[in-house]
Amino acid sequence: MTTDNASPQEPHDGEHLKPLLPILDQHSTRRTLLKTAGAALGLAAFGEALSPLMVIPENVSVDEFLQQHYKELTDEDKKKVFARLEAETKERFGANVTITDAKPIPGVRFAYAINVSKCNGNGKCMEACNKENNHHRGVDQSYIRVLEMTKGSMDMEHGSTTYDHTVPQDDKFYLPVQCQQCDNPPCVSACPIEATWKEDDGIVVVDYNWCIGCRYCEAACPYHARRFNWELPEIPAEEVNPNQGYLSNRIRPQGAMEKCHFCLHRTREGRAPACQEACPTGARVFGDLNDPDSAINYVLKNKRVFVLKEELGTKPSFFYFFD
Amino acid sequence: MSGWRGVITSVILLAMLAGVTATMQIRASSDAEDGGSGAEALPDGSSVIHEKPSAVSSNTLVQPETFPVTVRKPSGPPRVATNLKDIHGEAVTVACSTCHSTRSPNLQNKTPHSLDEFHSGMKFTHGTVSCLSCHNAADYDSLQLADGHRVEFTDVMTLCGQCHGPQMKDYEHGVHGGLNGYWDLSRGPQQKNNCVDCHNPHTPQFPKMQPTFKPKDRFLEQSRSEH
Chain A
2 MTTDNASPQE
12 PHDGEHLKPL
22 LPILDQHSTR
32 RTLLKTAGAA
42 LGLAAFGEAL
52 SPLMVIPENV
62 SVDEFLQQHY
72 KELTDEDKKK
82 VFARLEAETK
92 ERFGANVTIT
102 DAKPIPGVRF
112 AYAINVSKCN
122 GNGKCMEACN
132 KENNHHRGVD
142 QSYIRVLEMT
152 KGSMDMEHGS
162 TTYDHTVPQD
172 DKFYLPVQCQ
182 QCDNPPCVSA
192 CPIEATWKED
202 DGIVVVDYNW
212 CIGCRYCEAA
222 CPYHARRFNW
232 ELPEIPAEEV
242 NPNQGYLSNR
252 IRPQGAMEKC
262 HFCLHRTREG
272 RAPACQEACP
282 TGARVFGDLN
292 DPDSAINYVL
302 KNKRVFVLKE
312 ELGTKPSFFY
322 FFD
Chain B
7 MSGWRGVITS
17 VILLAMLAGV
27 TATMQIRASS
37 DAEDGGSGAE
47 ALPDGSSVIH
57 EKPSAVSSNT
67 LVQPETFPVT
77 VRKPSGPPRV
87 ATNLKDIHGE
97 AVTVACSTCH
107 STRSPNLQNK
117 TPHSLDEFHS
127 GMKFTHGTVS
137 CLSCHNAADY
147 DSLQLADGHR
157 VEFTDVMTLC
167 GQCHGPQMKD
177 YEHGVHGGLN
187 GYWDLSRGPQ
197 QKNNCVDCHN
207 PHTPQFPKMQ
217 PTFKPKDRFL
227 EQSRSEH
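Residue numbers (our numbering), protein chains in the order written: chain A, 2 to 324; chain B, 7 to 233.
Just so you know, these hints were derived from the structure itself, not from any lab. Each residue gets a CB set at the ideal place from its N, CA and C atoms; glycine is no exception. Incorrect hints may have been included.
To be verified - Derived DSSO-like pairs: lysine-lysine, alpha-carbon spacing no greater than 27 angstroms straight-line:
hint	chain 1	residue 1	chain 2	residue 2
1	B	K175	A	K304
2	A	K310	A	K125
3	B	K116	A	K152
4	B	K79	A	K173
5	A	K132	B	K220
6	A	K132	B	K214
7	B	K222	A	K173
8	A	K79	A	K304
9	B	K129	A	K173
10	B	K214	A	K152
11	A	K152	A	K310
12	A	K152	B	K198
13	B	K198	A	K132
14	B	K214	B	K129
15	A	K125	B	K214
16	B	K79	B	K175
17	A	K36	A	K152
18	B	K222	A	K310
19	B	K175	B	K214
20	A	K104	A	K132
21	A	K173	A	K310
22	A	K79	A	K132
23	A	K173	B	K214
24	B	K198	A	K125
25	A	K104	A	K316
26	B	K175	A	K302
27	A	K152	A	K125
28	A	K104	A	K81
29	B	K79	A	K310
30	A	K125	B	K79
31	A	K125	B	K175
32	A	K125	B	K116
33	A	K132	B	K222
34	B	K198	A	K304
35	B	K214	A	K304
36	B	K222	A	K125
37	A	K302	B	K198
Claimed, not checked - Heads up, incomplete: computed chain B residues facing chain A, CB under 7 angstroms, no partners named:
hint	residue
38	N89
39	L90
40	H179
Chain B extracted, bound-state conformation (with noise of 0.2 angstroms):
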């Protein structure tokens, strides 16, 4: 803080040298401009590191090997509820296939509501597709492509791209389903959701929300206020 204040003073008195020269001399100058030296060198250096992300960036330079981009998957096929508990108080969950394959495919049932049984009370929005437009009736642990050919339930970004087209390019150009991870491969990995991470096959519209999140906007809330 002394030091401070002597930068000050000698600031001063230059200052005053300079402006009233013509008029007066100052016996005190020497020591202004000790004071003023003396506060110039200020911070000395100790020793030099090489920082941190240089050396990253080299590294990554050396090899410009690409990181891969990792679309999550579905686990499988389903598994149905049934509302049984076995011995350890576990649910009871059930594959497509425990009851699909005692009982043959009605191709006249093609939305929910005509379902009196069992999925009754699904609900569906998704076009005017049937339910064996997707899943497979050769197979219910599957799923099946518009030309009849079988895909898995892990691979349902075939189906889903079949129809949906624009949404599956956007998605190949990262401009579709969001991202985690590095915007640059040549840095770090990235992983992608795929189509039913956000959208249920069976309705589809990203459902609605409730914002949780509010800045306490200072300004800008009392001028939308008055409108």
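Just chain A, same shape as in the assembly (with noise of 0.2 angstroms):
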């Protein structure tokens, strides 16, 4: 299409204006009409393979769109992006929030553990989840799934999440799944652009704004714990939890993939993560595998403790107990 352009042109340029390119001076031989053809053509197919770059979404400024990846981030590069960013959320949603950027603690290695003795379904710790961490209230979205599954059966993939009766049912057990925090995260090695990767205390987590919602992590994940923003989060502005961190609960862009960060915002400051604090069996247990007293490494030296498809060598830091 382009070439039938740029040959008529020829001879007019190369008679009366000064052409932009030396090679239009030339006399028209078949040799420089096939190099201006083919050089027409190729500088064609290169606007045309960078013309994407050309459009910015609306709902994306300048500033977002050029945004480096959070590792890329100076200090001060952080300061501007998380103000700007507590703007937008103002402007959005009308809460003022505080983002922060709370960096893992040294020597510490984060894992979690559930007592499926204890867990009765109840569903407090989704709950929590949402109320914590700003999900789309629309869709009551949570970082965690409480199966309902059948005494016996050990596979998660028949779990129901749509139980809604008294629990605990005496033919059922309640296996809530949230991410593990892979030591091999299948999801990491599946993103094509690295905007998920794993923390020094092993959280495992996304930069919302460097992904570009491909959802190739989301179909690796055995255990279904990655979600996707169909839509900008609806939250009303009393509900929005002001405590954020950059890679955990700030509220995310339409687009990006979330999922369970070990309430890092609270859990690096050293306080209990949510769906801990809000479990009314206190099946939940959380801490630091590197502290030998630990109540995680309690858990692992006295109880009998399973990981979840443990088959696919994802090496789990989440772990399942019975009393």
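Join the two chains, each given in its own frame, into one complex according to the hints.
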């Protein structure tokens, strides 16, 4: 198509105007014609390939578009980015929030364990997660799914999340599943742009602004632990949790992946994760694997412990145990 | 926005330069370079302020003292409702000893079933222990241990722990009863429940619950309904 435009121009430019390219000054031979046509075609193809860059989506500011990967941000950059995100939250949600950047505590390695003898499937953990992590209220999103499982089965693929009766049922047990913070995380390998990675304390995090929303990680995760933001979350201003972390519970943009981050904005300050505090049965145990006296190590040493889908070699930092 | 377009134009032109130099020269190359350098100098810094978290962590390193673990305690001996109201309209409650100090204990009564005057409708599903396994016949405003020693209602965990050793051991290691506050005691305090916060001593099995919160999960709901 562009070649058609280029070749007829040739004689006119050559006669009267100073041509843009010296090649247009030359005699019109078969060789120069082919050269010109080839060059124009190549140029057009290159321009076409880059054309998506010319269009910035309406809901993305230029600053956001040009923002670097989290790991490449200097402290100075972070200050600006966080201030911008805080202003955007104020504008879009009407809430005054503080976005922080809690770093891993040196020497700490987080792990979680759930007592399936105690969990009764009441779902308070999902509710607490929804509130703590500024999830979309419209779909009551949560990083946790509590599966109702038939006793004797260990296949989480056959668990039900839609049960709606008093719990626990006698022939069922309950298996809360959230990000297992794998030591060999398939989601991290699947991400084509390194928008998700494993931090030193074992938490797998997502840079929501770097994520392009391809959902490869969602497909790669054998625990169905990743969620996609189909739309911008709807949260009433008074329900927005103002204590936000850049890599954790800040309100996610539309089109970004998200997942459980062990409430890192809380746990990296020493506090318990929201789901653990909310659990009325005391089934949840959280702590530091590197501390030999921690509750989590007591579980690993003294209880019958298993991990989900061990055969996949994902090496979860998330354990389940029986009394 | 115009600066951004400048970047794109310069990228295209530079690529042309690299890819097609064999056949052509570009007169406007100096313009392209100018546009490129201008766009690269993007964010400039103002002043550096130390972050709060680092200040907090260095503070805790200086004083490695640990914060306390607080176990909630029952407020005291239970009060019994009388169905009467006082002059202010408040319900009148009485201490256990109000009645029990005037009558002598009948050791034949092992369960509420054999009671015909008081406590008769009470549900009791706590194994085969009898009332006086825990209640103190010498002073009904307190409890008693298996060896007959008096123990206050506020120290009920000592009583429970006599039989429920494994649970007590788990509790002491932070694996039973849940917690609130800080997992890291070098950074903040922790609060824990006591036995009777979650377990009714007469019907100790954890009660059934009705789930109230259901995420509307897009892809799982459909595949689940097929099963």
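Quick rundown of the hints versus the structure:
no.: 1; hint: B/K175 - A/K304; in the structure: 12 angstroms, holds
no.: 2; hint: A/K310 - A/K125; in the structure: 25 angstroms, holds
no.: 3; hint: B/K116 - A/K152; in the structure: 36 angstroms, violated
no.: 4; hint: B/K79 - A/K173; in the structure: 34 angstroms, violated
no.: 5; hint: A/K132 - B/K220; in the structure: 13 angstroms, holds
no.: 6; hint: A/K132 - B/K214; in the structure: 24 angstroms, holds
no.: 7; hint: B/K222 - A/K173; in the structure: 22 angstroms, holds
no.: 8; hint: A/K79 - A/K304; in the structure: 43 angstroms, violated
no.: 9; hint: B/K129 - A/K173; in the structure: 26 angstroms, holds
no.: 10; hint: B/K214 - A/K152; in the structure: 18 angstroms, holds
no.: 11; hint: A/K152 - A/K310; in the structure: 17 angstroms, holds
no.: 12; hint: A/K152 - B/K198; in the structure: 31 angstroms, violated
no.: 13; hint: B/K198 - A/K132; in the structure: 22 angstroms, holds
no.: 14; hint: B/K214 - B/K129; in the structure: 16 angstroms, holds
no.: 15; hint: A/K125 - B/K214; in the structure: 14 angstroms, holds
no.: 16; hint: B/K79 - B/K175; in the structure: 18 angstroms, holds
no.: 17; hint: A/K36 - A/K152; in the structure: 74 angstroms, violated
no.: 18; hint: B/K222 - A/K310; in the structure: 25 angstroms, holds
no.: 19; hint: B/K175 - B/K214; in the structure: 25 angstroms, holds
no.: 20; hint: A/K104 - A/K132; in the structure: 23 angstroms, holds
no.: 21; hint: A/K173 - A/K310; in the structure: 20 angstroms, holds
no.: 22; hint: A/K79 - A/K132; in the structure: 25 angstroms, holds
no.: 23; hint: A/K173 - B/K214; in the structure: 13 angstroms, holds
no.: 24; hint: B/K198 - A/K125; in the structure: 18 angstroms, holds
no.: 25; hint: A/K104 - A/K316; in the structure: 23 angstroms, holds
no.: 26; hint: B/K175 - A/K302; in the structure: 13 angstroms, holds
no.: 27; hint: A/K152 - A/K125; in the structure: 22 angstroms, holds
no.: 28; hint: A/K104 - A/K81; in the structure: 18 angstroms, holds
no.: 29; hint: B/K79 - A/K310; in the structure: 41 angstroms, violated
no.: 30; hint: A/K125 - B/K79; in the structure: 24 angstroms, holds
no.: 31; hint: A/K125 - B/K175; in the structure: 26 angstroms, holds
no.: 32; hint: A/K125 - B/K116; in the structure: 38 angstroms, violated
no.: 33; hint: A/K132 - B/K222; in the structure: 15 angstroms, holds
no.: 34; hint: B/K198 - A/K304; in the structure: 21 angstroms, holds
no.: 35; hint: B/K214 - A/K304; in the structure: 25 angstroms, holds
no.: 36; hint: B/K222 - A/K125; in the structure: 15 angstroms, holds
no.: 37; hint: A/K302 - B/K198; in the structure: 22 angstroms, holds
no.: 38; hint: N89; in the structure: 31 angstroms, violated
no.: 39; hint: L90; in the structure: 34 angstroms, violated
no.: 40; hint: H179; in the structure: 4 angstroms, holds
Checked against the numbered hints given earlier, the structure breaks hints 3, 4, 8, 12, 17, 29, 32, 38, 39 and satisfies all the rest.
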